[in-house]
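Peer 1: Below, each chain spelled out in residue letters.
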Amino acid sequence: MQTSQTMPGARFVDPKILSRISSLELMARTVVEGFINGLHRAPYFGASIDFAEHRGYVAGDDIRRVDWRLFARTDRFYVKQYEADTNTNLSILFDVSKSMSFSSRGIPKIEYASFVAACLGYLAQRQRDRVGIVTFDSDIVTHVPSSAKHFNVVLHTLDRAKAERPGNLTAPLNKMAEHFKRRGILVLISDFYEEPDAVLEAIKPLKFLGNDLIVFHVLDPAEIEFGYDDASSFEDLESGDQIPVVPQSLAQEYRQLIRAHIDALTAKFSEHRIDYTLLNTAEPLDRALFSYLSSRERLMRVR
Amino acid sequence: MTFLTPAFFLGLGAIAIPILIHLIQREKKRVVEFPSLMFVRRIPYQSVRRRRIRHWFLLFLRAAAIALIVFAFARPFLHQSAVAAAAGGAARDVVVLLDQSASMGYGDHFEKAKDAARRVVRGLGADDRATLVLFAKNAEENMRATSDRARLEGAINAAKVTAGATRYGPALKLADSILGRSPLKRREAVLISDFQKTGWTGSEDARFPEGMTLTTMPVGSANARNLAVPSVTFGRSAFSGQERIAVTAGLSNKGDEAVGNVPVSLTVDGHELETLRATVAPHASSSVTFAPFTLSGPNVRGMVRAGTDPLPADNTFHFVLTPSEPVSLLVVDSGAPDASLYISKALAIGTTPQFQVEVTSAGRVAPAAFDKRAVVVLNDAMFPPAAAGGVLKRFVERGGGLLIVAGDHTTFPTGSTADGDLLPGKLGTTIDRTDGRAGSLGFLDYSHQVFELFKAPRSGDFSAAHFFRYRSVEPAPADRVLARYDDGAVAAAERKVGMGRVIVWTSTLDDSLSDIGVKPVFLPLVHQLVRYLAHYEQPTSWLTVGQVLDVAARTKGRTDRIVVTPSGERVAPQNSRGLVELAEQGIYEIRSAGATTGRPESVASNLDPVESDLTPLDPRELVAAVTGHATPETAEPAMAEQMTQEEIEKRQGLWWYLLLTGMALLAVETTIANRLSRREKFL
Numbered sequence: 007m008q009t010s011q012t013m014p015g016a017r018f019v020d021p022k023i024l025s026r027i028s029s030l031e032l033m034a035r036t037v038v039e040g041f042i043n044g045l046h047r048a049p050y051f052g053a054s055i056d057f058a059e060h061r062g063y064v065a066g067d068d069i070r071r072v073d074w075r076l077f078a079r080t081d082r083f084y085v086k087q088y089e090a091d092t093n094t095n096l097s098i099l100f101d102v103s104k105s106m107s108f109s110s111r112g113i114p115k116i117e118y119a120s121f122v123a124a125c126l127g128y129l130a131q132r133q134r135d136r137v138g139i140v141t142f143d144s145d146i147v148t149h150v151p152s153s154a155k156h157f158n159v160v161l162h163t164l165d166r167a168k169a170e171r172p173g174n175l176t177a178p179l180n181k182m183a184e185h186f187k188r189r190g191i192l193v194l195i196s197d198f199y200e201e202p203d204a205v206l207e208a209i210k211p212l213k214f215l216g217n218d219l220i221v222f223h224v225l226d227p228a229e230i231e232f233g234y235d236d237a238s239s240f241e242d243l244e245s246g247d248q249i250p251v252v253p254q255s256l257a258q259e260y261r262q263l264i265r266a267h268i269d270a271l272t273a274k275f276s277e278h279r280i281d282y283t284l285l286n287t288a289e290p291l292d293r294a295l296f297s298y299l300s301s302r303e304r305l306m307r308v309r
Numbered sequence: 011m012t013f014l015t016p017a018f019f020l021g022l023g024a025i026a027i028p029i030l031i032h033l034i035q036r037e038k039k040r041v042v043e044f045p046s047l048m049f050v051r052r053i054p055y056q057s058v059r060r061r062r063i064r065h066w067f068l069l070f071l072r073a074a075a076i077a078l079i080v081f082a083f084a085r086p087f088l089h090q091s092a093v094a095a096a097a098g099g100a101a102r103d104v105v106v107l108l109d110q111s112a113s114m115g116y117g118d119h120f121e122k123a124k125d126a127a128r129r130v131v132r133g134l135g136a137d138d139r140a141t142l143v144l145f146a147k148n149a150e151e152n153m154r155a156t157s158d159r160a161r162l163e164g165a166i167n168a169a170k171v172t173a174g175a176t177r178y179g180p181a182l183k184l185a186d187s188i189l190g191r192s193p194l195k196r197r198e199a200v201l202i203s204d205f206q207k208t209g210w211t212g213s214e215d216a217r218f219p220e221g222m223t224l225t226t227m228p229v230g231s232a233n234a235r236n237l238a239v240p241s242v243t244f245g246r247s248a249f250s251g252q253e254r255i256a257v258t259a260g261l262s263n264k265g266d267e268a269v270g271n272v273p274v275s276l277t278v279d280g281h282e283l284e285t286l287r288a289t290v291a292p293h294a295s296s297s298v299t300f301a302p303f304t305l306s307g308p309n310v311r312g313m314v315r316a317g318t319d320p321l322p323a324d325n326t327f328h329f330v331l332t333p334s335e336p337v338s339l340l341v342v343d344s345g346a347p348d349a350s351l352y353i354s355k356a357l358a359i360g361t362t363p364q365f366q367v368e369v370t371s372a373g374r375v376a377p378a379a380f381d382k383r384a385v386v387v388l389n390d391a392m393f394p395p396a397a398a399g400g401v402l403k404r405f406v407e408r409g410g411g412l413l414i415v416a417g418d419h420t421t422f423p424t425g426s427t428a429d430g431d432l433l434p435g436k437l438g439t440t441i442d443r444t445d446g447r448a449g450s451l452g453f454l455d456y457s458h459q460v461f462e463l464f465k466a467p468r469s470g471d472f473s474a475a476h477f478f479r480y481r482s483v484e485p486a487p488a489d490r491v492l493a494r495y496d497d498g499a500v501a502a503a504e505r506k507v508g509m510g511r512v513i514v515w516t517s518t519l520d521d522s523l524s525d526i527g528v529k530p531v532f533l534p535l536v537h538q539l540v541r542y543l544a545h546y547e548q549p550t551s552w553l554t555v556g557q558v559l560d561v562a563a564r565t566k567g568r569t570d571r572i573v574v575t576p577s578g579e580r581v582a583p584q585n586s587r588g589l590v591e592l593a594e595q596g597i598y599e600i601r602s603a604g605a606t607t608g609r610p611e612s613v614a615s616n617l618d619p620v621e622s623d624l625t626p627l628d629p630r631e632l633v634a635a636v637t638g639h640a641t642p643e644t645a646e647p648a649m650a651e652q653m654t655q656e657e658i659e660k661r662q663g664l665w666w667y668l669l670l671t672g673m674a675l676l677a678v679e680t681t682i683a684n685r686l687s688r689r690e691k692f693l
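Note that the protein sequences, when read in sequence, are chains A and B. Letter by letter, the first sequence follows residues 7 to 309 in our numbering. Letter by letter, the second sequence follows residues 11 to 693 in our numbering.
Okay, chain A solo, but in the shape it has when bound (with noise of 0.2 Å):
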């Protein structure tokens, strides 16, 4: 276990001041290091090639893995099992449409998600897992396969990130479906601006691969809050249309229905065996972590 170079109680640093970490990889490292310290015996930090049973030799067998000294003492040929393959791919799935370059008063949600994302890529790549990402908004913007060695480029590709356009996610979500023939992690980072019913049509097509799917809903404080003080019109930022707003007469409104959004999403996803994670942009990057690990732990114990 690396103790060095950490920044003990990183994680819970306020994601503003992570920002002024220009280098996502330092960053990440900062967070994760710091979050693996704190876990100490971790339970989910488990072998690559632990022992687990051995069984009767079939024909078939690669004749390797053939215990050589328990056929010298019982003259049977039995074969070794060991744990499942501890090296998976981490699938990053990137929003960048326009609703991501919000910011109230903190880091734009982008930058958030960058964080987590170099996070979560970070802590894969420690685990000598192989790491890709793939951007989006209404269709795929970059695409960086699964590799062990690919984490700088998924850094770089954070770091060139530009929320520019309107998103969808059904399009390249389908799109994606078809490209990833290999099961493993795919998380999914987005603001999920559509009807819950969309969401989950546009992420199923994913989970039928036998992918682990974990789902980041980043959010503004100011998206959950609503908190505007004066009557301005609002500007859509996707579609650029303004709407004349007195807050005080609709947050209450809003707010409702911000929040059966949310409560929608999480039975749905629930519902599906997918992790949803809703992430404020004004609270510490942890929960993202744990949510990441929690997943990987489940696809350990796979044989």
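Please note that a few of the clues may not be correct.
Stated by the list, open to error - Cβ pair distances, simulated, as ranges:
# : chain 1 : residue 1 : chain 2 : residue 2 : range
1 : A       : Glu-259   : B       : Ala-74    : 33 to 43 Å
2 : B       : Gly-21    : A       : Asp-165   : 31 to 41 Å
3 : A       : Asn-158   : B       : Thr-681   : 53 to 63 Å
4 : A       : Gln-248   : B       : Thr-681   : 28 to 38 Å
5 : B       : Thr-681   : A       : Asp-165   : 45 to 55 Å
Hints listed in this document are in silico derivations from the structure and should not be mistaken for laboratory results. Bear in mind that the values here come from a model prediction, so they are computed numbers and not experimental data. Quick reminder that beta carbons are idealized off the backbone N, C-alpha and C, glycines included.
Place chain B on chain A using the hints.
Peer 2: Structure of chain B alone, referenced to chain A:
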């Protein structure tokens, strides 16, 4: 409340600014970018709510602040007295002295004066009170101290120009009296007049105590032009047994410009007899004489009118003429030839009045000869036998006059007889002054009506007369000594008996015992003695406004007479003495209460001639004399108001308070708005 710069009220349009900000400006203030309006769109949009003004109080504060600031720039001010009351905090007692003398009828002077009085009244504060005093020759408290402005204005509106002369003294004394009784601390007299110089002699005993102020508001015009007829004179002459009158009218030009070719007309009994043309130089007098006319009867009314000018009242002069009646005398002498030559010749000369003299000797006098005589002269004669037994005494007691010229022949009954007490004193022996220096008059009672005429210097030299012999008289204490000789002996004494008068002259009125008969004073002395004894009063053709008409004297004591004024008002004499004060210009008639026909006795009433002199007095001089200290100068009325406005505004500085209040309101509004904004997160 008045404003110096009312154009600034256009700024009230700025009140709309907060409303526009409320309704329009705020919602376009800024654009907020939001990730998605997906949920906002689902909420029904309440546009009405935005357009509704929810914080009326804030809007009111903003509008009030703007209005106050605009008011401040308009420079408001309250009228003087209201402000003074507000600022000083003490109520005032104001006496408005409004001149209503005849000279105020010049042009629009009186209207200006009433306007000034109304301004004063309108400037009164709520606690102030005012008294309206109308004055001319006398002052009258027209409206007692009151705070009722409507009543005061009503009284001012009802005021009219009278025919009276201007006298400031009575008005100022009345103001002093009114203010002296006032319980209020601030006492002020406001004198509104044309400030005729003739109305103030400087000797009036009008002086305000400390604490009372006198404000002057002159309404006169500079360089006033005025032509007046101050008097007329009558030349009487006899023609065919009737009296002819030649009227001479005096003209006076008080202006700076000559009056040329002005028509002067004479009207008698309503008929215009003649119109002449006259030219009068500036500040000069002239006269025109009309052709004589025959005086047909008593109470002939005449009028002289000269031209027109802004003061028409004094362009007309009224008079009433009555044929003169001669004074009838009976001269009783010793019967010697020419014994009464000097007296009869002296009395033949007079015209005002004419004397009708009958000369007879004492022995031939019949008792009836005393009837209808005004005066009996016993000219160095014995007491007439026909007069004995109280005849002469009764004559005197009825009002007749008796002149006893005591000479060597004079005899008079002693005190025990019926006529014994007629003689003023006791007749004594003859004093002979022929030896040495003759006697002369050493003392004359100039206060007596007989000698009053000679009172003035060079009005008759009695010292030139020499008295060689004279009778001694010892007057009783009740008798009045009119003259004494240089040795102290009585020269003339008077006794009043009943309604009549008796005078004894202790020397002769010819050249026998003295030479006074050839001295210049003889003629006027004889005339004066006879006039006095005859109770003669020269009939006046006119009186002056302000004089008192003795109705009782003119009607011989009858009480059923009424007086009709020139304006047609019937006035009954107000007291037992039958006196009526003349207040109007024109002809007064004295009528029998029930009579409707017949020619009534008439009395002409004219303006006081000094009222025609419009020469102004410096109001500061008057103020200094009354209050004892100088005051700020008084400007012309039109200018005065303007100056007053600016001065009042400057003194009040209301705009300053308004501006401060407006700024304070804005500060309050800001504070409240911020708190509301913080609390509601919405404004």
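Peer 1: Each of the hints needs a verdict: does it hold here or not?
Peer 2: Hint check:
1. A:Glu-259 <-> B:Ala-74: 33 to 43 Å: 37 Å, holds
2. B:Gly-21 <-> A:Asp-165: 31 to 41 Å: 60 Å, violated
3. A:Asn-158 <-> B:Thr-681: 53 to 63 Å: 58 Å, holds
4. A:Gln-248 <-> B:Thr-681: 28 to 38 Å: Because 33 Å falls inside the window, the suggested range holds.
5. B:Thr-681 <-> A:Asp-165: 45 to 55 Å: Holds, at about 49 Å.
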